[in-house]
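Colleague: Each chain is listed here by its residues.
There are 2 protein chains.
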Amino acid sequence: MRYFLGVDGGGTKTQAVLVTEDGELVSERTGGPTNILENGEETFRKNLEDILKPILMKAKGEVISCLGVPAVGEFRNSERIISRIVESTVGLKPTLVVNDVVVGWASGTLGRDGVHIVSGTGAIVYGRHGRKEIRVSGWGSIIGDEGSAYHIGVETLGVVSKQLDGRLERTMLCDFVFERFNFKDHYDFIQWIYDPHSDRRSKIASVAVLTYEMAKKGDKFALEILERASEELACAVITAVKKLELKNPLVSCGGSVLVKNEIVRKKFEEIVKESVNAKVVTARLKPVLGGVILAMKHVSGDIPEAIIGKLEEVNEMI
Amino acid sequence: MRYFLGVDGGGTKTQAVLVTEDGELVSERTGGPTNILENGEETFRKNLEDILKPILMKAKGEVISCLGVPAVGEFRNSERIISRIVESTVGLKPTLVVNDVVVGWASGTLGRDGVHIVSGTGAIVYGRHGRKEIRVSGWGSIIGDEGSAYHIGVETLGVVSKQLDGRLERTMLCDFVFERFNFKDHYDFIQWIYDPHSDRRSKIASVAVLTYEMAKKGDKFALEILERASEELACAVITAVKKLELKNPLVSCGGSVLVKNEIVRKKFEEIVKESVNAKVVTARLKPVLGGVILAMKHVSGDIPEAIIGKLEEVNEMI
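Sequence lines, in order, name chains B and F. With our numbering applied, the first sequence corresponds to residues 1 to 318, in that order. With our numbering applied, the second sequence corresponds to residues 1 to 318, in that order.
Simulated from the structure, these hints should not be mistaken for laboratory data. Please note that a few of the clues may not be correct.
You can't tell identical chains apart in this list, so a pair holds if it fits in one copy or across any two.
[As the list claims (entries may be wrong)] DSBU-like cross-link-like pairs, simulated, lysine-lysine; straight-line CA separation at most 35 Å: (1) K220 / K273; (2) K310 / K203; (3) K217 / K243; (4) K242 / K220.
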């Protein structure tokens, strides 16, 4: 009996699922982050060991695996280096090591031709057409990730600072941010942003929720920021679709900005439908099951509908 | 005999000058950075001690001082806290403790009504009209400093990443950046930007020089980035002028972007002249002498032309 293991790593948490070749759930586990560049090799090893050791003990046969973890593709020989670390840590030589956006793509397109876009704290696009694959955006918080929650947060705080200065007309956005975070004055505001002991990236990304609330109330600056975000996300998808030469492409969406922010999603869909006649969906499966799908496809090509049905059941359980 | 001490602190270096009441140079010294928020209190103390102890030994009478150091105005009670640290470190109770942009302003306007703008690694505007003072921009590298070298660098690297993806049309900018920094591929590019062991802020600010070179060769993206920088810097100055209700204001400029980048400077001048009829100059004195001017003004109001002439001579010597 063969087993299939999917792993979805991330900067805040990591999930792993083991299923039988019939798609029956054997074991599932969620643990700490596994971004080797952000968290370091020691944390990466420790968290993978915590998650994978108990799961692998449940496998009574060969394990075909697909690990989707951040930072793959961002440093030289990343697949080989990560593969060796996993092997020396838990005794498993991974079948596939890919960026976490790739398992997200597989969970959204079920491994079929198409493009997947994630806009959570960061933003990235990945697509495949046959054997051709492409990655767009995802250049990180300093120079890239346009349209992500972090990017929306930075732009919103920038508008607040300009309103405080009088460079921009004051709207309710400024008072709203101050009230929500309990800032008394600009000292509190600066300290909150620049405090070196905080997780600055997540904190600033959390501001995007306030931008959405303000946009729903009609704040013109919040609306402008979200419109730009939609355009940036759509541009990344359109670039991927064109480079892959996909016709009437399937575009699947993941991440809080595209799943929960209806203003961004609506405008994004309008642009990509208009521009490349895309069919836009929200991924039905959790990314970790995209790992399972890629592991299965690796050994057997296309996956029968019955197995996909089984994985949808697993999706409800995990 | 009274002595006047000016200090210009910064994130990369700190300069101090001691003059007699006739404006004769007694002593000058340059040392390490004194940004208490970026470098920490220990470095702040050590560098101030290295610079000020030998200088203060040369003063044979009362010392009136003005310290311009970063981070003043950015945390609560900053003047009082910094004043106490200086007193306990070198035995001098500073007469005035101000942000370094204020000594820059005094070196540019000679302490007269007007607005000073600095665009170096960061960007900030400070102005006075009688007893009224104002500060605009300078909100730091994450949410502010629009039009600074850091900001220009971030935008330029963002355009490069979009050209690599195919989100933007490829121009010579991309190859130029890769050649100058000797990047072989996108791995080198990402590693250079995100390397946690480097001084990321200065490194990214250094890219602004390449943007200028590309703009001079007509690269449309480089020109667009510099045009936006000019507009942002002009907007900050115009906001300060209007809030201060200055008529035909004196606007003095400091920092590499406004002093060396002729494209930014020209457009910036056009906008502020057109909008508020400003007289735009480059500061004739080094900022540290702005500290001396403020210390002198503190005890004697207006400063005679003869003393200003003497300070210009000092400016040549330091």
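Colleague: Against this structure, judge whether each hint is valid.
Modeller: Going down the list of hints, with the structure as the test:
1. K220 / K273: both (25 Å within a copy, 30 Å between copies)
2. K310 / K203: neither (37 Å within a copy, 52 Å between copies)
3. K217 / K243: Between copies only: 29 Å across, 38 Å inside.
4. K242 / K220: both (32 Å within a copy, 24 Å between copies)
Hint 2 from the list above is the single one not met by this structure.
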